[in-house]
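J.: In case you want the letters, here they are:
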Amino acid sequence: MKIHEYQGKELFRKYNVPVPNGILIHDKSEAVQAAGEIGTPVVVVKAQIHAGGRGKGGGVKLAKSPQEAEKYAGDILGMTLVTHQTGPEGRHVKKVLIEEGMEIVKELYISLLIDRETSRVMIMASEAGGMEIEEVAADEPEKIISEIVDPIIGVKPYLARKIAFALNLSGEPLKKAIPFIINLYECFVKEDLSMLEINPLVITGDDRILALDAKIDIDDNALGRHKDTQEFRDLEEEDPNEIEASKYNLNYIQLDGNIGCMVNGAGLAMATMDIIKHSGGEPANFLDVGGGANEEQIENAFRILVSDDKVKAIFINIFGGILRCDILAAGVVAAAKNLGLKIPVVVRMEGTNMEEGHKILKDSGLNFLIGNGMKDGAKKAVQAIQ
Amino acid sequence: MSILVDEKTRLLVQGITGREGQFHAEQCRKYGTQVVAGVTPGKGGQTVMEDIPVFNTVKQAVAKTKANATMIFVPPAFAADAILEAADAGVELIICISEGIPVYDMVEVYRYLQDSDSRLIGPNCPGIISPGKCKIGIMPAHIHKKGNVGIISRSGTLTYEAVGQLTALGIGQSTCVGIGGDPIIGTRYIDTLKLFQKDRATKAICLIGEIGGTAEDEAAYFIKKHITKPVVGFIAGQTAPPGRRMGHAGAIISGGQGTAEGKMKVMKKCGIKVVKSPADLGKTIARCL
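Protein chains in written order, with our numbering: chain A, 1 to 386; chain B, 1 to 289.
Please note: incorrect hints may appear among the correct ones.
Covered stretches of chain B, going by a simulated chain A footprint (3 or more residues, C-beta under 8 Å) [claimed, not checked]:
no. : stretch
1   : 4 to 10
2   : 35 to 41
Below, a list of computed lysine to any residue pairs in the SDA-like style, where the Cα atoms sit at most 20 Å apart [stated by the list, open to error]:
no. : chain 1 : residue 1 : chain 2 : residue 2
3   : B       : Lys66     : B       : Pro53
4   : B       : Lys268    : B       : Glu218
5   : B       : Lys145    : B       : Arg245
6   : A       : Lys2      : B       : Arg245
7   : A       : Lys227    : B       : Ala77
8   : A       : Lys277    : B       : Lys265
9   : A       : Lys227    : B       : Pro75
Don't read these hints as lab results, they were simulated from the structure.
Glycine included, C-beta positions come from ideal geometry on N, C-alpha and C.
Taking the hints into account, I'd like the entire structure generated from these sequences.
T.: So, in structure tokens, the structure goes:
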């Protein structure tokens with residue numbers, strides 16, 4: 001689960017990871033007071049959305065007076081911010097963070113993530129802060145430092161020192177960087193984060209080290225044991241269909257095509273999207289109904305699929321294991337009747353109770369197209385909309 | 001022959017008193033797997049499925065029944081602990097079906113297992129089957145057929161798809177291993193490939209991967225160097241958008257890494273017969289035999 005920058009900074013404060021003073025506002029009328037309370041000659045006005053690249057899109061401004069802060073807050077709040085991570089439709093900005101301005105002498109980069117190769121936490125750092133790290137990795141890989149943490153000991157001072165020296169820090173900033181890195185690791189592990197990125201991490205003119213940004217992903221699988229961070233979920237940043245699907249334990253991701261897909265299992269669901277594309281069509285979504293779907297889930301899955309106006313045909317591809325084909329067929333028939341379905345539906349079913357499933361479809365009196373294997377099913381779905 | 005599991009495997013089931021655990025324990029036994037014990041803390045002393053004794057701890061179950069493999073069906077919040085308990089009790093083969101284990105729990109489990117002799121398959125996997133001998137997991141048994149193709153896969157139903165195609169062509173399988181869809185898994189492609197290379201019954205290998213991570217690339221380089229048997233590969237998610245988690249916790253393209261296109265290219269370069277369409281898996285394997 002992604003969270004906002006201001007929420008990430010809240011987490012950092014909890015672990016004594018220093019961040020700039022800041023106040024979150026929802027309306028431009030709060031800006032003058034917020035800027036006054038912060039009290040620095042310059043304040044930064046930052047749009048809060050779940051996407052990077054905000055500065056380039058006009059979502060981050062430096063204000064030299066509280067009045068200017070109010071003006072910028074007014075411009076940013078309500079704007080549709082388009083960045084390279086939001087897609088062309090952009091994101092509506094509803095919250096703005098007003099933060100202290102400061103003299104920056106050095107911009108660094110640090111991130112923590114789960115390294116799949118070693119199955120351990122990896123810390124990545126670089127002196128090339130403020131830039132896209134993917135670009136640094138591609139152009140100047142020697143500028144990236146990476147360290148793997150042994151979970152038995154965690155981040156000990158020697159490891160933090162190693163990173164801080166590699167970043168060419170010295171004096172006061174070096175001293176402060178060591179607890180900074182140790183505390184950041186504590187935050188990552190104790191809060192069950194799956195990704196944490198600070199870009200830039202800054203050294204200020206008065207020798208402070210501060211997390212100027214906070215990009216955080218919390219491990220969805222661990223949210224159950226973090227009642228406080230569950231509150232960070234911002235439904236307005238999510239696709240309404242995806243929220244609806246998550247209520248029924250369905251795994252749904254909206255795409256741009258016109259063939260709706262309903263599949264059991266993540267791998268087969270991806271493969272189904274692929275075969276639609278190979279057959280000359282475009283999948284409208286990824287939808288995994290899971291291993292043990294029941295009739296109610298199938299019906300809700302259907303409802304979500306057809307609520308997307310772009311969907312002109314539906315391809316159901318099920319390899320029955322735990323999920324029996326007769327249960328699936330009954331759910332599909334009920335949904336098609338209840339929803340008064342008008343678009344063609346292609347069903348490909350194989351596995352447990354396949355014959356019973358096909359009989360239910362046939363006896364329903366509805367006009368289902370039957371796919372004989374996944375290739376044939378995909379072909380029929382593509383033909384149905386031509 | 002086959003790998004990892006056969007008619008001699010003695011299975012215990014952690015979480016056997018739960019609905020899912022019991023259902024699948026019954027299915028495994030029906031297939032011919034020797035199910036010898038169950039473990040549910042606090043329910044020791046009971047008997048389930050007529051004659052399967054339930055123990056409070058894995059240690060007790062192993063001492064009394066000589067179980068050498070375990071199938072884990074406990075809720076994800078407790079699954080890492082269940083794996084650790086099995087490893088601590090010296091169970092050789094740990095198969096964890098549970099999906100949704102917090103990833104940091106798996107960081108600790110993986111580290112612990114590096115100093116242990118136990119092998120973990122999964123988590124978030126369908127399990128293992130050596131057709132005609134032993135099934136440990138949730139796969140539909142009837143689609144399988146005894147034979148000489150070894151299958152390794154990160155996905156459940158997509159493996160069934162490949163098995164279904166093979167069986168329809170009259171081609172059987174030596175062992176099918178679902179290694180799991182999570183970012184951290186106990187047994188990777190390479191570990192399984194080594195076993196298939198050694199197994200005399202396995203004549204060809206089918207490797208089913210998906211987007212996310214670099215495990216398939218590493219497997220491909222390993223195959224080029226060490227595997228003499230023909231390998232057919234498929235990568236799911238050729239049309240998946242970057243930055244989105246496609247159902248499996250591990251299936252995500254991040255920072256341009258882990259795309260299907262990239263993996264397929266490396267696999268091809270390493271001599272693997274890569275199929276673009278999952279519908280071609282069966283017939284491509286058939287041509288290798």
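J.: Hint by hint, say whether it matches the structure.
T.: Here is how each hint holds up against the structure:
1. 4 to 10: Answer violated; 0 residues pass the 8 Å Cβ test.
2. 35 to 41: With 0 residues close enough to chain A, the hint is violated.
3. B:Lys66 / B:Pro53: holds, 13 Å
4. B:Lys268 / B:Glu218: Holds. Lys268 (chain B) to Glu218 (chain B) sits at ~13 Å (cutoff 20 Å).
5. B:Lys145 / B:Arg245: violated, 33 Å
6. A:Lys2 / B:Arg245: Judged against 20 Å, a Cα distance of about 12 Å means the pair holds.
7. A:Lys227 / B:Ala77: holds, 14 Å
8. A:Lys277 / B:Lys265: With Cα atoms ~19 Å apart, Lys277 (chain A) and Lys265 (chain B) stay inside 20 Å; holds.
9. A:Lys227 / B:Pro75: holds, 18 Å
Violation of the numbered hints given earlier is confined to hints 1, 2, 5; the remaining hints are satisfied by the structure.
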